[in-house]
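Now for the letters of each chain:
2 protein chains.
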Amino acid sequence: MFVSCKTCIDYYPSMTGKNKKTFSFQRAQQAILATTRQLTNEKLVLDKVRQRITVSDVLAVMPQPSFDESTRDGFVIRERSVSEERVNRYKVVDEIPAGKPLGNILAPGTACRIMTGGCVPEGGTRVVPYEQCVEQNGQIIIDDSSLQASTFILKTGSEIAQGEVLVPGGVALQAGHLALLASCGVQTVTVVARPIVGYVCTGSELVSGADGPGNGQKVSSNSFLLGGLVVAVGGRSVDMGIIRDNEQELLDLFAKVKTDELDVMITTGGMGPGKYDLVEKAFVEAGGEVVFNGISMRPGKSILFGTLGKTMFFGLPGPPHAVSTLLNGLVGPALQAMQGVKGSWPRRVQAHLQHQVKVKRNDVLRLKDGVLTMEEGRSLVRFAGRLEMGNCFILLPPGQAQYGEGELVEVHLAIALCAG
Amino acid sequence: MFVSCKTCIDYYPSMTGKNKKTFSFQRAQQAILATTRQLTNEKLVLDKVRQRITVSDVLAVMPQPSFDESTRDGFVIRERSVSEERVNRYKVVDEIPAGKPLGNILAPGTACRIMTGGCVPEGGTRVVPYEQCVEQNGQIIIDDSSLQASTFILKTGSEIAQGEVLVPGGVALQAGHLALLASCGVQTVTVVARPIVGYVCTGSELVSGADGPGNGQKVSSNSFLLGGLVVAVGGRSVDMGIIRDNEQELLDLFAKVKTDELDVMITTGGMGPGKYDLVEKAFVEAGGEVVFNGISMRPGKSILFGTLGKTMFFGLPGPPHAVSTLLNGLVGPALQAMQGVKGSWPRRVQAHLQHQVKVKRNDVLRLKDGVLTMEEGRSLVRFAGRLEMGNCFILLPPGQAQYGEGELVEVHLAIALCAG
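Chains as they are written, first to last, in our numbering: chain A, 212 to 631; chain B, 212 to 631.
Careful, some of the hints might be misleading.
Repeated chains share a single entry, so a pair holds when one copy, or any two copies, can fit it.
What the hints assert, rightly or not - Listed next, the in silico DSS-like pairs over lysine-lysine satisfying Cα-Cα at most 25 Å (straight line):
id	residue 1	residue 2
1	Lys254	Lys492
2	Lys254	Lys302
3	Lys259	Lys366
4	Lys492	Lys569
5	Lys231	Lys521
6	Lys569	Lys231
7	Lys469	Lys302
8	Lys492	Lys231
9	Lys311	Lys569
10	Lys302	Lys486
11	Lys553	Lys521
12	Lys259	Lys469
13	Lys571	Lys366
14	Lys486	Lys311
15	Lys311	Lys492
16	Lys366	Lys467
17	Lys553	Lys254
18	Lys231	Lys512
Quick caveat, the hints were computed from the structure, so don't treat them as lab data.
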């Protein structure tokens with residue numbers, strides 16, 4: 212081995228190993244989870260809670276149905292008692308369209324026209340569908356032989372009881388949940404506050420897309436990945452722009468993090484061992500506490516996780532591929548956990564590889580962009596093409612150098628696939 | 212058979228069979244697709260196109276990388292020609308941080324400090340990583356034995372060529388696409404306009420959640436399903452509220468549809484054979500053309516599809532379960548097709564049933580809410596629980612009365628699972 216460049220050691224103290232805290236992927240997950248504090252709650256009307264996370268069980272305010280309801284268009288009758296003469300004629304006394312209950316009690320031997328969804332009046336014992344009767348001179352004549360066991364009356368609370376749990380706590384509310392809650396009289400739901408997530412892309416080479424890059428410059432593209440993730444997990448994103456590889460700019464940023472009361476701060480870039488990779492230095496100088504500053508995984512080894520006051524801080528590397536892998540594997544799940552989502556680490560499934568895989572360097576866990584599909588009852592996965600968007604990450608654990616076609620591998624679903 | 216009630220025939224002309232156009236699910240899909248016209252286009256900046264659909268191939272404006280780029284922190288050197296004396300010492304003449312290209316041409320035998328992502332100057336032939344050299348008195352001495360085949364220079368366009376297709380037409384843009392487009396210098400994208408989708412819940416029994424239902428009344432809940440679907444497929448929703456089972460209100464609504472230039476109008480309720488089920492009557496009176504007014508499928512048999520001027524019209528039944536099934540199976544795919552999404556009918560997969568199924572009435576296609584999961588490389592599906600939100604619909608075609616555990620069945624993925 213050649214002797215390391217002296218200069219490097221001066222520039223990059225963490226490279227000496229003294230301050231290097233490299234965690235496994237699992238340990239990194241645990242450490243993040245241990246640091247995660249749940250956010251405050253807020254009570255909101257139904258219109259405002261789509262994709263928000265329930266704090267606790269949401270109960271039915273009203274039963275379903277909330278009144279005895281006709282399930283057919285026809286006539287609701289009050290049957291005569293058995294002792295009476297058995298003539299199947301009932302006098303039609305009124306009409307009950309949906310939404311308009313009858314004030315009176317139905318007398319024995321009388322009928323009311325009723326529509327599907329109509330409110331069965333007190334005394335009503337059965338709904339006779341139109342096709343099972345004939346209307347004549349203000350009376351209906353019922354075809355006894357066609358009468359079915361069903362009374363075509365859905366009793367109050369027969370579908371959902373009052374007080375029943377409609378949605379458990381820790382669930383992201385979908386449109387279907389909202390419809391269910393509304394129909395059971397729920398008007399407001401207590402949900403977890405949205406995490407406020409600030410992010411900055413660092414790099415003196417970066418310019419915004421609108422400016423257009425000069426020679427040696429690059430368009431800042433990670434902000435799209437960061438913004439996209441924050442939206443996908445229901446956070447509130449604060450795009451703090453681009454800053455240069457300059458310690459003072461970083462220190463100013465971290466000072467702002469403290470005053471802005473961000474729940475989470477994410478940077479990209481500046482995480483390597485280079486002279487201009489100053490994120491960790493500035494973070495520590497600003498009072499940040501490093502939990503880990505490396506992870507035994509590729510891509511994404513150069514990640515710093517720590518806390519700055521009450522703010523969780525993720526320092527991600529610059530390459531977009533590493534950014535998207537870490538956002539999905541660690542940052543997104545942390546944002547979900549803060550909102551109380553249950554089982555929020557990237558959902559793992561097993562799928563059959565659609566092609567052979569040879570791993571050149573199998574020293575650490577490798578995550579590859581994958582495309583997960585289902586075919587004839589099998590879950591299949593393949594590497595995503597060069598410009599193809601994957602929908603999962605294929606895990607290739609250390610130690611195994613090759614995988615055969617059809618072999619079962621573990622797969623992390625991409626956050627968008629897990630949401631909801 | 213008992214004779215049908217005369218009154219019914221007067222009230223419900225469509226029940227006579229004369230005007231009944233009942234389609235199979237497949238034929239309904241085809242009919243809707245045949246009616247679908249693609250929307251206009253609009254050119255938008257990258258910040259505004261998340262989840263929007265590309266009109267045509269989006270090409271790289273700049274290659275990737277857009278300059279010869281160092282892949283290591285180290286020194287870029289201009290190697291001496293072979294004829295020259297082979298001393299591995301190079302004079303360090305300058306420094307090239309990321310974003311700051313060197314103006315001059317690198318002379319033979321000289322070196323420049325360079326960072327990962329830095330722009331390799333003209334003349335530079337190789338980057339020597341820090342760990343493969345020693346810096347001494349303004350020179351670097353290179354460890355020949357540790358030199359690798361790689362020059363650690365990523366050549367211009369080696370990852371993505373200028374003019375290469377980054378995203379094909381007909382694709383919903385995800386965050387990853389936007390990052391890719393930005394990095395290749397794309398600033399604007401031409402996307403399909405968002406469909407403007409109006410919807411109304413009909414029913415004299417309906418009240419809004421805020422009002423709270425009186426006896427015999429129900430909270431209007433379908434608007435959450437309608438709004439949720441429109442958001443999921445990228446449409447612009449126009450909630451037109453609740454209207455009563457009253458022909459004039461319906462006629463007023465259809466008049467408004469014509470003047471408001473809605474792309475799609477959806478109603479729920481009022482689609483049965485009852486006296487107050489007036490949607491079809493009003494639609495036809497308002498000049499609407501019925502394409503079909505029934506579908507041989509449960510739930511959801513009572514659906515009307517037609518056109519009113521340039522507006523596509525879906526008259527859905529009232530029960531939320533039927534509404535969600537039809538939104539997923541027919542309305543959502545139509546909204547996606549209008550935006551040019553390719554293969555936009557609900558994505559079908561096959562999965563193994565996790566339990567036996569017995570179908571009581573197997574006369575028509577039945578769709579059941581299902582929960583699709585993956586386990587040990589197999590795709591599994593089961594009926595969703597009573598209050599559980601499914602993520603798919605299980606197809607039970609007519610004719611088959613029972614299914615064994617483990618049997619392969621066809622499944623439609625729910626729209627949210629298909630998006631992106």
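Against the structure, the hints:
Within a single copy, Lys254 and Lys492 get their C-alpha atoms no closer than 41 Å, and across copies no closer than 43 Å, so neither meets the 25 Å cut-off. Taking CA atoms no more than 25 Å apart as the test, Lys254 paired with Lys302 passes in neither setting, with 51 Å inside one copy and 67 Å between copies. Taking the shortest alpha-carbon separations for Lys259 and Lys366, neither the intra-copy value of 32 Å nor the inter-copy value of 50 Å comes in at or below 25 Å. For the homomeric pair Lys492 and Lys569, neither the shortest alpha-carbon distance inside one copy (38 Å) nor that between copies (66 Å) is at most 25 Å.
Within a single copy, Lys231 and Lys521 get their C-alpha atoms as close as 23 Å, which meets the 25 Å cut-off; across copies the closest is 65 Å, which misses it. In the homo-oligomer, the alpha carbons of Lys569 and Lys231 never lie at most 25 Å apart, since the shortest distance is 30 Å inside one protomer and 61 Å across protomers. For the identical chains of this complex, Lys469 and Lys302 are neighbours neither inside a copy (78 Å) nor across copies (45 Å), given an alpha-carbon limit of 25 Å. With identical chains, the CA atoms of Lys492 and Lys231 are at most 25 Å apart within one copy only, with a shortest distance of 13 Å there and 75 Å across copies.
Taking the shortest Cα distances, Lys311 and Lys569 never come within 25 Å of each other, neither inside one copy (71 Å) nor across copies (38 Å). Proximity of Lys302 to Lys486 under the C-alpha cut-off of 25 Å is restricted to the inter-copy arrangement: shortest distance 20 Å between copies versus 95 Å within a copy. Proximity of Lys553 to Lys521 under the C-alpha cut-off of 25 Å is restricted to the intra-copy arrangement: shortest distance 22 Å within a copy versus 46 Å between copies. For a Cα distance limit of 25 Å, the shortest separation of Lys259 from Lys469 qualifies neither inside one copy, at 29 Å, nor across copies, at 30 Å.
In this assembly of identical chains, Lys571 and Lys366 lie within 25 Å of each other by CA distance solely across copies; the values are 23 Å between and 67 Å within a copy. Taking the shortest Cα distances, Lys486 and Lys311 sit within 25 Å of each other only across copies (14 Å), while inside one copy they are farther apart (77 Å). With identical chains, the CA atoms of Lys311 and Lys492 are at most 25 Å apart between copies only, with a shortest distance of 22 Å across copies and 71 Å within one. Taking CA atoms no more than 25 Å apart as the test, Lys366 paired with Lys467 passes in neither setting, with 60 Å inside one copy and 39 Å between copies.
In the homo-oligomer, the alpha carbons of Lys553 and Lys254 lie at most 25 Å apart inside one protomer (20 Å), although the nearest pairing across protomers, at 40 Å, exceeds that limit. In the homo-oligomer, the alpha carbons of Lys231 and Lys512 lie at most 25 Å apart inside one protomer (12 Å), although the nearest pairing across protomers, at 65 Å, exceeds that limit.
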